[in-house]
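Asker: With the hints as constraints, model all of the structure from the sequences given.
Sequence lines, in order, name chains P and B.
Note that the first sequence covers residues 1 to 194 in the numbering used here.
Note that the second sequence covers residues 1001 to 1443 in the numbering used here.
It is possible that some hints are incorrect.
Restricting the straight-line Cα-Cα distance to at most 30 angstroms, the calculated cross-link-like pairs of lysine-lysine (BS3-like) are [said to hold, decoys possible]:
| no. | chain 1 | residue 1 | chain 2 | residue 2 |
| --- | --- | --- | --- | --- |
| 1 | B | Lys1023 | B | Lys1136 |
| 2 | B | Lys1396 | B | Lys1136 |
| 3 | P | Lys145 | P | Lys28 |
| 4 | B | Lys1396 | P | Lys28 |
| 5 | P | Lys163 | B | Lys1023 |
Worth flagging that the hints you see were computed from the coordinates, not collected in a lab.
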Amino acid sequence: MRQTVKMSNQEDLPLSEVPDPQQLDRIKIQIDLVLLALEALAGISSDSLLRAARDLHLTSVGEDRLAMWRLRQSTPWRHADGQKTLNLEEARSLVLIICHLAKYHQELIRRAVSLLEQMTAQNQDVQQTALLGDYLDTFANIDQKRMLLEDSPPEEVEPLALKLLVDLLFYSSANGHQRLWQVLLAPSASLDSE
Amino acid sequence: MLKSYSVIRRYTPPTCTLHLLTKRSWLRRKSVVDALRFELQFDDPRSPEANQVMLQGDRAQLELLSNVVKRYVQQFLQSSSLYHLSRAVTPVDSSTALNRSVPAPELSRFTTSDPYVQPQGLLSHQLFLGSLAASKDAIELSTLQLFDLANALEASQIDIAALPLEQARTRRQTLAWAGGTVALLLAVGIPVGIELWQSDEPQDVALQEIETEPLPADEPAVVPPVPPPPDSTLIPAPSLPPALDNERLLPPPPVQSPPSASLPTPPSKPVPPAAPPKTAITVKPNVPKSSSSPAPTTSAAPRANPNVAPQLPNLPTLQPRPTQAPPTSATKPPEDGAPTGDVAPKALLDDIPQVAEVRQYFQQQWQPPENLSQTLEYRLVLNRDGSIGRIIPLGKASEVYLDRTGMPLMGESFVSALPEEANAQVRVVLNPDGTVQTFLESS
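Answerer: Put into structure tokens, the structure is as follows:
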């Protein structure tokens, strides 16, 4: 996957305030979900992630963390004792890695979204297409292991997966990493109950 | 396309095309951004004809549209993210319960006549054109169209911000190359002229094309036969390359065998196997012409020498110019601007010492006026005794600024006496950055 790596780096992802732990938690989840979509669509292995990290010269995602990825059991920030932690540097690195990979797979993502639009416009079930059908199946499978959506009823998984697919498109552009970063850091006042 | 405008940038994602244009006569000015206009064509082949609208406007409108779309995209992604979170996070207690309904993105309206975007379900977006409306008030955009539009607009904003810097750099590079290339042309043209004259062949037409013409007044700064800076293969090494042979004076860069400079590939386009065909291709301005070339930067090569006559036949193999050993004792390296000995340092292609003397004189004198952005050129006809016989300004700017150049008066003693023939002609080039070049035109 050797390619010319654009000069985007951590300086592109500014930070005015350090997020509180709650926000960090939410950031973790969102990164998890975007990554899940990318894996489900493009079949990204932990090796791709490692390679991307190296291509981008990112060292803050430690080798030991990424090694855990290889086990395909957990996301990198789930330590042996089950505790999840993610610091901001790691979040930045992951954003860069994910968007780098999304950029690489942009054609595929684009095709998937195009199919989605067509099927929707024609009122047809997206499962009928190989690309989207596989995506949704894989998504559900990985999620079962990751247990991100364990509280959601199954019928909500599909729209969520499709929404993530659309998001992925926007994150695959040249400045996708900035878009994702901004989303992650946005104030989440609306999350509080009304 | 607007008349008298040139395209200076082009963005061609699959579902729309964005052109940035500026007036042709403004291309050299520092403030090209002020005359900037855009044309945005929605040309998704899959969308109905009614939707294939073209928008136009000035720079401010483009910026407004870009901000509106950017903000909308961000809000769209934001709301999507909240939706994900609401599905993924377990409510711990009522005080942190998430709102499980999907919040709609705010309408990104600044003022009532501004364009704005509204979502229509998950996959469709309505772009209300506001003051940009032409044939239609609103356009329906699919996700892909919104994506392409947002990317093209954002790329355009980045490029516009970088325009003044790029212009300044291009101008500096162009002026630096101008002298070298003119020198090359003269160096080759003169022996060719002599050769042809002696061999009595009817090839005058070709030779005339080599001679540089008076600078056109409306195209400031650049001597016409200057190739764009990236084509540095045209710049002579002290000994002319062996590739020079019959009928190939200045081979177009793609043909040249030892390419010393390859065309710069755009750094922002990584080339993975699955690369998108064209998300955002930009065309850099090609000095001096920026006419309607649609191709990306690789088009610089074939267009390298618009004005140079490539078909000079029967060129003799040119001897390398003696630059290392001037006749007298000075052992300076060539092209050294600071004189230390009695002899003015020789530069490349000085034929007679007077050329260097002229240059030395002007280097000490020349103070470019602050508002001058063009190169001034003069043909000086020298008398036998070294005084100036005639001063011929080339181009309007040269006429205008003549009295600012410190040009000596006619008849005033100027350089050393010419040993052989009378009436040597020297070209003087005064650059706005303060540098000076001189060449022997004929003797």
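Asker: With reference to the structure, classify each hint as holding or not holding.
Answerer: Here is how each hint holds up against the structure:
no., hint, result
1, B:Lys1023 to B:Lys1136, "holds, 27 angstroms"
2, B:Lys1396 to B:Lys1136, "violated, 48 angstroms"
3, P:Lys145 to P:Lys28, "holds, 16 angstroms"
4, B:Lys1396 to P:Lys28, "violated, 66 angstroms"
5, P:Lys163 to B:Lys1023, "violated, 44 angstroms"
Hint check: violations occur at hints 2, 4, 5; the rest are consistent with the structure.
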